[in-house]
Amino acid sequence: MASKVYKDAKSALEGVARDGMMVMCGGFGLCGIPERLIDALRESGVKNLTCVSNNAGVDGAGLGLLLATRQIKKMISSYVGENKIFAQQYLAGELELEFNPQGTMSERIRAGGAGIPAFFTPTGVGTIIADGKEVRDFDGRQYVMERGLFADVALVRAWKGDSAGNLVYRKAARNFNPMMATAAKITIAEVEELVPLGSIDPDHVHTPAIFVKRIICGAPYEKKIEQRTTRKAA
Amino acid sequence: MPWNRDQMAARAARELKDGYYVNLGIGIPTLVSNYVPEDVDITLQSENGMLGVGPFPLDNEVDADIINAGKQTVTEIKGTSYFSSADSFGMVRGGHIDLSILGAMEVAENGDLANWMIPGKMVKGMGGAMDLVAGVKRVIVVMEHVSKDGSSKLLPKCTLPLTGQRVVDMVITELGVFEIDKKGTGGVKVIELAEGVTLDEVRQKTAAKIVG
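Residue numbers (the working numbering), protein chains in the order written: chain B, 147 to 380; chain L, 3 to 214.
With the rest of the complex left out, here is chain B (with noise of 0.2 Å):
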């Protein structure tokens, strides 16, 4: 079997990154994004890409360095409100924007990757998100039709990764990325520390390796805080 481990985040991109493309982004705010893709992303200069991930990044870090160079054609997100490039964009009709309500999204994801074309949610019900959409009654209740999602590429974050491709993620950065891993024609994971094949517990494998198709360490990191909030000692 040929080797799932590439060198950088640039040869794992080689071949995959086209224009048009529909690209996955795992992560929430920063926490959890694929840093090390997004920018291999960036230096392809693919354009017009449809990007679904939750938030837009913030000005010079996360999708916020692909709005820079005007890569993003549309953003799929449930909140976005982090930077001034995207409100640009944005306001100037540069920039399209589908809001998904963020349970909505995650479940678009996972349903996507699980082979489900659809599914009902009581999410949105009576508002403009259900414009358009089919709304059936279960058992006394309304509730509205949303779509799976599959990408052809999703770029996720994951904390330890071994060569098959078995993913374990750290705390809340674990967020978007295992759906996201799930619901896409070829996923690249970005991992911070790549060890050795049987190294990681089978009952602790977040992500099933069947699931990651390429896989890279962007060690080292250093990892982004959008809000430090910290206590004093009493």
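Hints listed in this document are in silico derivations from the structure and should not be mistaken for laboratory results.
Predicted model only: the values in this text are computed from it and were never measured.
No false leads were slipped in.
Taking lysine-lysine and the BS3-like style, the derived pairs with C-alpha atoms no more than 27 Å apart in a straight line are: (1) B:K306 - L:K80; (2) L:K126 - B:K193; (3) B:K193 - B:K156; (4) B:K219 - L:K126.
Given the structure of chain B, go ahead and fit chain L onto it with the hints provided.
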């Protein structure tokens, strides 16, 4: 005297019951965790994928991978668990969370809630708010009673795009505590007034129908 932000949060905290799993929104709702009664044990859920959210870390405890849904650094407690966003919203939509406390721009007398967009302004997005109000067992809104121009935020009908239909159970403002008849014909029932606030003042500042 109308309540200040902390008094509103403290009043909301009195709605907590022992054993509750609770999701707190950003702003005044976050303050609620400072006023949990001593004999009440609750577990905070953060929709980015954490159950059992502790206080902010000490300076030397900060971990970039331990954040809440407001992207603030927080800490673990004994019994904390992490899970994916899909599992997190499974908890939310599946009705496993007892209470959600959140802010609002408008609440209607039938329980409709608007708290995510103002047409014509840059919209940041609804985040997890639509899922929370659609799925959590009980929804309490903590907000100012009137907007900056003095108009009532408790209305016969919301004017802004909705976050959810017939979802709000209770509203706590600086003037008092109000129960919303979200299942029946609609109406705002005054449960409690802040000390020194009169029913006349509430009537004057409330556009929604006051009942009972």
